[in-house]
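Number of protein chains: 2
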Amino acid sequence: MTFIIREAQKEDMPSVLKLITELAVFEREPEAVVVTVEDLVNYGFKKEPAFFTFVAEEAGTIVGMALFYYRFSTWKGVTIHLEDLIVTQSHRGSGIGKALYDKVLEVAHMKGLKRVEWAVLDWNTTAIKFYESTGAVIQKDWRVCQMTDAGLKKYLESK
Amino acid sequence: MTFIIREAQKEDMPSVLKLITELAVFEREPEAVVVTVEDLVNYGFKKEPAFFTFVAEEAGTIVGMALFYYRFSTWKGVTIHLEDLIVTQSHRGSGIGKALYDKVLEVAHMKGLKRVEWAVLDWNTTAIKFYESTGAVIQKDWRVCQMTDAGLKKYLESK
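Each protein sequence line maps, in turn, to chains A and B. Taken in order, the first sequence gives residues 1 to 159; the numbers are from the numbering used here. Taken in order, the second sequence gives residues 1 to 159; the numbers are from the numbering used here.
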């Protein structure tokens, strides 16, 4: 299998959204995706993009992608957050995921950043094993806490 | 106790760094803070700031702060990440933390964002109880995964 890794263009966003949706199904939350192709184009290609995307292309088809953006740690300064690393089901196990992952890590390394961070589901042992094999560390005592828009509304109106 | 919540200015960054360091001690990682006042000024007050800060001021002294920035969820679009919510030890339990927290949630609500996210230590039951009382949800099956700069170097050079 021959593939190339390249920066995504606006025209790739429909394929990127397809991969995002495929991942949401894998993560058992198919209803959770409310982002549109237009959102991806608007936010990913404005003057100060909200995110950056590498895609993996094989014979003209996008078969994987890594989407990341910058965060600011009050301990470490600017960091990279790897939001999504996705390879379509039919192309897994062929090194595409690793190539995309490496590309994002290279950006962080070249920029001299002190951290790359991402989230993983605790039952996704294949992914965890891979990440740990590269030297990444699972932060066992941190939990992700979220408030939804509905939660915000309810809480702020009850004050 | 009378306090005000306001947007931080460059001049507040030494006080903000002091709070950041105080939190790192509480979280049992006092050595982890490498950020400087200069970093905070440079990244927090450039044209497209890397983060935004509210401070709580009492009688001219900064006694708490909430620092946040924007992220991009491939499911929900633009979200707010609450990086730090800190009240100095001597002023805890007087509503300052809640006032800062509410302020950040209000920004998200006013902008119509679909999510506010942050991280909490699983042994910090006081914080977890407070967050849950406001309608926030702890994502029990997600784990934070991190690669340090040393890890990046080692991994990329071994390829």
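Hint data in this document are derived by calculation from the structure and do not stem from the laboratory. What you are looking at is a predicted structure, and each value in this text was computed from that prediction instead of being measured. Any given hint could be a false lead.
Repeated chains share a single entry, so a pair holds when one copy, or any two copies, can fit it.
[To be verified] Result set (DSSO-like, lysine-lysine): computed pairs, CA atoms no more than 30 Å apart in a straight line:
| hint | residue 1 | residue 2 |
| --- | --- | --- |
| 1 | Lys140 | Lys46 |
| 2 | Lys98 | Lys18 |
| 3 | Lys159 | Lys47 |
| 4 | Lys140 | Lys47 |
| 5 | Lys103 | Lys159 |
| 6 | Lys46 | Lys129 |
| 7 | Lys98 | Lys46 |
| 8 | Lys154 | Lys18 |
| 9 | Lys103 | Lys129 |
| 10 | Lys129 | Lys98 |
| 11 | Lys18 | Lys103 |
| 12 | Lys154 | Lys111 |
How the hints compare with the structure:
In this assembly of identical chains, the alpha carbons of Lys140 and Lys46 never lie at most 30 Å apart, being 36 Å within a copy and 34 Å across copies at closest. With identical chains, the CA atoms of Lys98 and Lys18 are at most 30 Å apart within one copy only, with a shortest distance of 20 Å there and 40 Å across copies. In this homomeric assembly, Lys159 and Lys47 never come within 30 Å of each other (Cα to Cα): the closest approach is 38 Å inside a single copy and 34 Å across copies. Taking CA atoms no more than 30 Å apart as the test, Lys140 paired with Lys47 passes in neither setting, with 37 Å inside one copy and 36 Å between copies.
In this assembly of identical chains, the alpha carbons of Lys103 and Lys159 lie at most 30 Å apart only when taken from different copies (12 Å versus 46 Å within one copy). Proximity of Lys46 to Lys129 under the C-alpha cut-off of 30 Å is found in neither arrangement, the shortest distances being 36 Å within a copy and 39 Å between copies. Proximity of Lys98 and Lys46 under a CA criterion of 30 Å is satisfied intra-copy only: 28 Å inside one chain copy versus 35 Å between copies. Taking identical chains as interchangeable, the C-alpha atoms of Lys154 and Lys18 are never at most 30 Å apart, the minima being 32 Å within one chain and 34 Å between chains.
Taking identical chains as interchangeable, the C-alpha atoms of Lys103 and Lys129 lie at most 30 Å apart only when both belong to the same chain, with a minimum of 19 Å there against 40 Å between chains. Within a single copy, Lys129 and Lys98 get their C-alpha atoms as close as 13 Å, which meets the 30 Å cut-off; across copies the closest is 39 Å, which misses it. When the C-alpha separation of Lys18 and Lys103 is checked against a cutoff of 30 Å, the pair qualifies only within one copy, where the shortest distance is 21 Å, while the shortest distance between copies is 36 Å. In the homo-oligomer, the alpha carbons of Lys154 and Lys111 lie at most 30 Å apart only across protomers (16 Å), although the nearest pairing inside one protomer, at 41 Å, exceeds that limit.
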